[in-house]
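Undergrad: What follows is the residue order along each chain.
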Amino acid sequence: MKKLLVLLLILISSLLFGQDGFGDIFDSEIITDKSQNNIILNGEIGFNYKLYLDDAWDSEQIFMPYTNLNLLFASEIFEAKIELNIEGNDLEKELTIGDIVQELSLRTFFSFGYLDLGLFKTEWGKGDGIHVIDPLNPLDQSNGISSDINEMKRSEIMARMNFYLGDSGLLELVYKPYYHPIETDVTGRWMVKDFTGFPSPPDTELPGFSQAALRLTKTTGIFDIGAMYYYGYMTEPGVKFIFTPTPVPSEITFTKAQLFGVEAVWPLGPFPFRSELGYWLTEDHEGAELYLYNDRAVWLAGFDIMIPGTSIFVSIQEFGSYVFNFDTSNPVDMDLAMSYNNNAMTNTVIAAVESSFYHDSMKIRLAGLYLFEANGYMILPTYTWNIEDDLELSVKGQIFGGDDEGSNPYYAWRNNDSVTIGLKYFF
Amino acid sequence: MKKILLVSVLLLILLTSLSAQTGREIMQNVIDAQKVNSSAMDIQMTLVDNDGDTSTRRIQTLILNDNDLTKTITLFLEPASVRNTRFLTVENDGRADDQWIFLPSLRKVKRIAAGEKDGSFMGSDFSYSDMGSSGSSVEDSTQTVLREEKYNGRNSFVVESIPNAGTDNNYGKYITWVDKSSWLTLKVEFYSKDGKTQIKELNSENIVKENSHWVAKKITMETLESGHKTILEIKQVKYDIPLNPGYFTTTFLETGRAK
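Line order of the protein sequences matches chains A and B. Residue 90 in my numbering sits at position 77 of the first sequence, and the numbers go up by one each step. Residue 1030 in my numbering sits at position 141 of the second sequence, and the numbers go up by one each step.
Misleading hints may appear alongside valid ones.
What the hints assert, rightly or not - Covered by chain A, according to a simulated footprint, are these stretches of chain B (three or more residues, beta-carbon under 8 Å):
id, segment
1, 927-938
2, 1089-1099
As the list claims (entries may be wrong) - Keeping only pairs whose Cα atoms sit at most 30 Å apart, straight-line, the calculated DSSO-like set for lysine-lysine is:
id, chain 1, residue 1, chain 2, residue 2
3, B, Lys1106, B, Lys1127
4, B, Lys1148, A, Lys231
5, B, Lys1085, B, Lys1098
6, B, Lys997, A, Lys376
7, B, Lys1062, B, Lys1082
8, B, Lys997, B, Lys1069
9, A, Lys253, A, Lys206
10, A, Lys63, A, Lys253
11, B, Lys1098, A, Lys437
12, A, Lys231, B, Lys997
13, B, Lys1124, B, Lys1106
14, B, Lys1082, B, Lys1098
15, B, Lys1124, B, Lys1107
16, B, Lys997, A, Lys269
17, B, Lys1062, B, Lys1085
18, B, Lys1124, A, Lys166
19, B, Lys1127, B, Lys1085
20, A, Lys409, B, Lys997
21, B, Lys1082, A, Lys376
22, B, Lys1039, B, Lys1106
23, B, Lys1098, B, Lys1127
24, B, Lys997, B, Lys1039
What the hints assert, rightly or not - A short, non-exhaustive set of chain A residues, derived as facing chain B with CB atoms under 10 Å:
id, residue
25, Phe35
26, Trp279
27, Pro283
28, Glu299
29, His372
30, Tyr390
Hints in this document: simulated from the structure, not taken from any laboratory. Heads up, the beta-carbon is just placed ideally off N, CA and C, and yes, glycines get one too.
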């Protein structure tokens, strides 16, 4: 992986670069904006002070200075982007390139499309920030939860060829050489289950774990529609047990699977209606193996709207899954172990209300999530104040809770309620 | 002497015919004067609060008229927190506009709800409907010529427009000062929905001719209750230029490149 990243850095440094804005239309002598430079550097610098409101972890306080740097190079046929995220706490531990480099990518334009190559994130599906047919970048929950799901995604090395289909269509073909499962905390305060005594997961940065996917999107009349296919692995790892006669975890496993998905968004009255539907066809189609996941249907539906006569924005989405051949007889069956209250079906509602004041300089947002099968909930209030155009103060809260049910993360995180004060400067 | 008399009579006829123009004809002239096949504008907006503190927004916008339906692409350049955000609006015949936004941090195009007409545009004193000309029609309101007067040294008609019942409008009444020579609006008073209280005021300055079209290069909108105002300066404008239709596509939103 390091070799690939170094190769990309060398390629990027060899490019000639262009500009943004409609520079081909306006006279350049009139446009003096600094973003017209051939190399564009922007980002943010700031700090977060997080105070946990419980005593279970000694009312832990974290002061986290950070900087996020985006370097964009653009020419007629190339675009290259580097995004670095350096956090104060990173300096206290052994760093890997992946800890700092959030994106390192090249985009090459052709008459028929463009090629993306490197380490980056994608977002597939028509949901508003959350998706059920978006398998390419696994989530990293080891440091907790963010209201921005994209922020929690792990950047992955991939090649993506995008073919234009008319003015509003795109065919994406993706190849990922490596696989990484969803990442969770195994010892700290964000741990959901105690994995003491479990074996280490195998190396998945091997050719045998490569994945491929394609996606077709198009705007037709009032509909933005799409279809996708993924061949790879489910993002959740499984566990193989040996019975002595008590079950002892012997191996971390990954379930080979294909995902078939469709997506659509269209204006329904005053709001866009968003929908996604998918089917995971796994190697354990019959549901015979305990350590593999069974077939699963997934769905999402929701809408967002600006309340007439106000500046209040509301978004509501429901998403869920249903496991086929669900067997409640064996507690070490992966589908049962990862279920909520022994239900084959899972349903979650996520909603957000947002309003801005004083010429958009202040914003209040209240987001919440409710997991029906385990009464799990998460409440995320946020207040932001743009003191200046490029200087933002924020106060964010996180509140968790739910039933004491084995796999309910919101119950497991009930002692992680927190308040975070942040200040950041955009440049 | 005969010549003077003839010129005087002709002038009188001309003036009589001008004053005979109805409010509807005047406001139709205002709309017609703004009609272009395409335009490109580089705009700076300065927000000024009642303490005199300022903040700046910078956008570039391209507009293409396609069979009397407008397509608009807007690129946000400042402030840094919204830089390179791209916004596409496609006007439709008989249904709400289609709108998509590209957020550079997500690198994703997202269809969004058609913006509320009275919502603030980028935190300014302009609402989305104040900024847009699409859908504006003299049929939606009843116009009356109140008087003719000089305003800022320019001969103008003063026209009152009252939106017709059943039409969707943010205001209850407008009073517009229309320049007789350019058909540009020199001043607009915006009134509350009951038509009794003036809530905003727009003033145009720096009226010049660009590419044979008149344009006010500085427009100030003030919200009277708060004293907050927004100064919109057109740094550069081009009319009726060839624009690649590829700019007005979701592909351009995604890539920043017109095919």
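Undergrad: Now, for every hint given, state plainly whether the structure supports it.
TA: Comparing the hints with the structure gives:
Residues of the segment 927-938 of chain B lying with their CB closer than 8 Å to a CB of chain A number 4, which satisfies the three-residue condition for coverage. Check result for the segment 1089-1099 of chain B against chain A: violated, 0 residues qualifying (beta carbon to beta carbon below 8 Å, three or more required). Distance hint between Lys1106 of chain B and Lys1127 of chain B is fulfilled; the C-alpha atoms sit about 12 Å from each other, no more than 30 Å. Distance hint between Lys1148 of chain B and Lys231 of chain A is fulfilled; the C-alpha atoms sit about 16 Å from each other, no more than 30 Å.
For the given pair, Lys1085 of chain B sits about 36 Å from Lys1098 of chain B by alpha-carbon distance, which is inconsistent with the 30 Å threshold. The hinted pair formed by Lys997 of chain B and Lys376 of chain A meets the criterion: a straight-line CA distance of about 23 Å does not exceed 30 Å. Restraint check for Lys1062 of chain B and Lys1082 of chain B: satisfied, since their Cα atoms lie roughly 7 Å apart, inside the 30 Å limit. Taken as a hint, the Lys997 of chain B and Lys1069 of chain B pair is broken in the structure, with Cα atoms around 47 Å apart against an allowance of 30 Å.
This hinted pair checks out: Lys253 of chain A and Lys206 of chain A have alpha carbons roughly 16 Å apart, not beyond 30 Å. For the hint pairing Lys63 of chain A with Lys253 of chain A, the CA-to-CA distance comes to about 38 Å; that exceeds 30 Å, so the pair is violated. Under the criterion of a C-alpha separation no larger than 30 Å, the hint pairing Lys1098 of chain B with Lys437 of chain A is inconsistent with the structure, at around 44 Å. Of the pairs offered as hints, the one joining Lys231 of chain A and Lys997 of chain B holds, with about 14 Å between alpha carbons and a cut-off of 30 Å not exceeded.
Annotation: proposed proximity of Lys1124 of chain B to Lys1106 of chain B holds, straight-line Cα distance about 7 Å (limit 30 Å). For the hint linking Lys1082 of chain B to Lys1098 of chain B, the alpha-carbon distance of about 35 Å lies beyond 30 Å, and the restraint is violated. As the CA atoms of Lys1124 of chain B and Lys1107 of chain B are separated by approximately 9 Å, the hinted pair is consistent with the 30 Å bound. Of the pairs offered as hints, the one joining Lys997 of chain B and Lys269 of chain A holds, with about 28 Å between alpha carbons and a cut-off of 30 Å not exceeded.
A distance of roughly 8 Å separates the Cα atoms of Lys1062 of chain B and Lys1085 of chain B; the hinted pair therefore holds under the 30 Å criterion. A C-alpha spacing of about 41 Å is found between Lys1124 of chain B and Lys166 of chain A, which places the hinted pair above 30 Å, so the restraint is violated. With a C-alpha separation of about 39 Å, the suggested pairing of Lys1127 of chain B with Lys1085 of chain B is violated against the 30 Å cut-off. For the proposed pair Lys409 of chain A and Lys997 of chain B, the alpha carbon gap of about 25 Å is at most 30 Å, so the pair holds.
A C-alpha spacing of about 27 Å is found between Lys1082 of chain B and Lys376 of chain A, which places the hinted pair at or below 30 Å, so the restraint holds. With a CA separation close to 20 Å, the supplied pair Lys1039 of chain B and Lys1106 of chain B stays within the 30 Å bound. Distance restraint check for Lys1098 of chain B and Lys1127 of chain B: the Cα-Cα separation of roughly 11 Å lies within the 30 Å cut-off, and the hinted pair is therefore satisfied. Taken as a hint, the Lys997 of chain B and Lys1039 of chain B pair is broken in the structure, with Cα atoms around 51 Å apart against an allowance of 30 Å.
Hint on Phe35 of chain A holds. Least Cβ distance to chain B is approximately 5 Å, under the 10 Å limit. Look at Trp279 of chain A: its Cβ gets to within about 8 Å of chain B, closer than 10 Å, so that hint holds up. Because the smallest distance between the Cβ of Pro283 of chain A and any Cβ of chain B comes to about 7 Å, under 10 Å, the interface hint for this residue holds. A cut of 10 Å between beta carbons decides the hint on Glu299 of chain A: the least distance to chain B is about 37 Å, and the hint is violated.
The beta carbon of His372 of chain A comes within 4 Å of a beta carbon in chain B, closer than 10 Å, and the hint placing it at the interface holds. For Tyr390 of chain A, the suggested interface contact is broken, since its CB lies about 26 Å from the closest CB of chain B, more than 10 Å.
Violation of the numbered hints given earlier is confined to hints 2, 5, 8, 10, 11, 14, 18, 19, 24, 28 and 30; the remaining hints are satisfied by the structure.
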